[in-house]
Amino acid sequence: MIGESLIPRAQPPQSTGAAVVAKAKTSAPAKQAAPEEIEDIGALLASASPDAGKKTFKKCKACHTIGKGEASKVGPNLWDVVGADRAARDGFKYSAAMAGLGGNWGFEELNAFLTKPKAYAPGTKMAFAGIKKAADRAAVIVFLRGQSDAPVSLP
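Take the sequence shown: its letter number 32 is residue 40 in this note's numbering, and every next letter is one higher.
Treat the hints with caution; some may be incorrect.
[As the list claims (entries may be wrong)] Taking lysine-lysine and the DSS-like style, the derived pairs with C-alpha atoms no more than 30 Å apart in a straight line are:
#1 124 to 63
#2 66 to 81
#3 126 to 81
#4 101 to 81
#5 76 to 63
#6 63 to 140
#7 124 to 62
#8 67 to 141
#9 140 to 62
#10 133 to 101
#11 67 to 101
[Stated by the list, open to error] Here are the simulated distance ranges between beta carbons:
#12 131 to 54: 27 to 37 Å
#13 108 to 59: 14 to 24 Å
#14 55 to 104: 35 to 45 Å
#15 59 to 104: 29 to 39 Å
#16 78 to 159: 16 to 26 Å
#17 59 to 131: 33 to 43 Å
#18 133 to 75: 14 to 24 Å
#19 140 to 71: 26 to 36 Å
#20 51 to 124: 16 to 26 Å
#21 92 to 138: 15 to 25 Å
#22 98 to 141: 27 to 37 Å
Just so you know, the hints here were simulated from the structure itself, not pulled from any lab data.
A virtual CB, placed ideally from N, CA and C, is assigned to each residue, including glycine.
Generate the whole structure from the sequences, applying the supplied hints.
Structure, rendered in structure tokens:
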């Protein structure tokens with residue numbers, strides 16, 4: 009066409025691909041994130057609502073029972089879990105990762121586990137991704153604390 013002969017087409021600059029690679033590097037997610045700092049749950053427990061925890065716990069009911077004497081499902085029964093020994097429910101087969109933890113389910117331990125179960129206990133069978141919000145974790149922990157004949161005192 010006449011216009012093309014009067015105004016030559018601009019050719020794109022020759023690229024080595026470096027700019028594209030640099031952009032790709034900055035927009036790609038990091039392969040290994042820095043370890044997350046888990047909030048001190050103590051202060052949040054004091055103001056946490058067991059009713060809110062019960063509501064959030066509905067996510068857990070697909071795999072866990074909560075009633076005294078109820079049989080385990082895919083996950084163990086969680087009656088009287090706060091303060092209890094880890095991986096110690098009779099009749100439940102724990103993963104080697106959970107069985108190897110030792111200790112008990114204190115408030116801080118539950119908070120760390122509920123944040124990201126697979127990060128806390130690599131190799132756990134628990135498929136749940138975790139509870140992101142610290143206030144929601146605190147509410148679940150306070151709810152679980154109440155599921156006992158003798159609830160552990162808050163810190």
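Going down the list of hints, with the structure as the test:
Of the pairs offered as hints, the one joining residue 124 and residue 63 holds, with about 19 Å between alpha carbons and a cut-off of 30 Å not exceeded. For the hint linking residue 66 to residue 81, the alpha-carbon distance of about 14 Å falls within 30 Å, and the restraint holds. With a C-alpha separation of about 19 Å, the suggested pairing of residue 126 with residue 81 holds against the 30 Å cut-off. Of the supplied pair hints, the one linking residue 101 and residue 81 holds, its CA atoms being roughly 11 Å apart against a limit of 30 Å.
Between residue 76 and residue 63, the direct Cα distance comes to roughly 19 Å. Compliance with the 30 Å bound is thereby established for this hinted pair. Annotation: proposed proximity of residue 63 to residue 140 holds, straight-line Cα distance about 15 Å (limit 30 Å). With a C-alpha separation of about 19 Å, the suggested pairing of residue 124 with residue 62 holds against the 30 Å cut-off. For the proposed pair residue 67 and residue 141, the alpha carbon gap of about 14 Å is at most 30 Å, so the pair holds.
As the CA atoms of residue 140 and residue 62 are separated by approximately 16 Å, the hinted pair is consistent with the 30 Å bound. Restraint check for residue 133 and residue 101: the C-alpha separation of about 10 Å stays at or below 30 Å, so the hint holds. Restraint check for residue 67 and residue 101: the C-alpha separation of about 22 Å stays at or below 30 Å, so the hint holds. The hinted range of 27 to 37 Å is satisfied by residue 131 and residue 54, whose Cβ atoms lie roughly 34 Å apart.
Evaluation of the 14 to 24 Å hint for residue 108 and residue 59 yields a failure: the beta carbon distance comes to about 35 Å. Residue 55 and residue 104 have their C-beta atoms about 37 Å apart, which keeps the hinted 35 to 45 Å range intact. Roughly 36 Å separates the CB atoms of residue 59 and residue 104, a value that falls within the hinted 29 to 39 Å. One distance hint, 16 to 26 Å for the beta-carbon pair residue 78 and residue 159, holds here, with the actual separation near 18 Å.
Between residue 59 and residue 131, the C-beta spacing of about 34 Å keeps the proposed range 33 to 43 Å intact. Distance hint for residue 133 and residue 75: a CB-CB separation of about 22 Å, consistent with the stated range 14 to 24 Å. Against the hinted window of 26 to 36 Å, the Cβ-Cβ separation of residue 140 and residue 71 comes to about 19 Å, which falls outside the hint. Between residue 51 and residue 124 the beta carbons are some 21 Å apart, a value that agrees with the proposed interval 16 to 26 Å.
Separated by about 20 Å at the C-beta atoms, residue 92 and residue 138 satisfy the suggested range of 15 to 25 Å. For residue 98 paired with residue 141, a C-beta distance near 33 Å keeps the hint of 27 to 37 Å intact.
Violated hints, listed in ascending order, are 13 and 19; each of the other numbered hints is respected by the structure.
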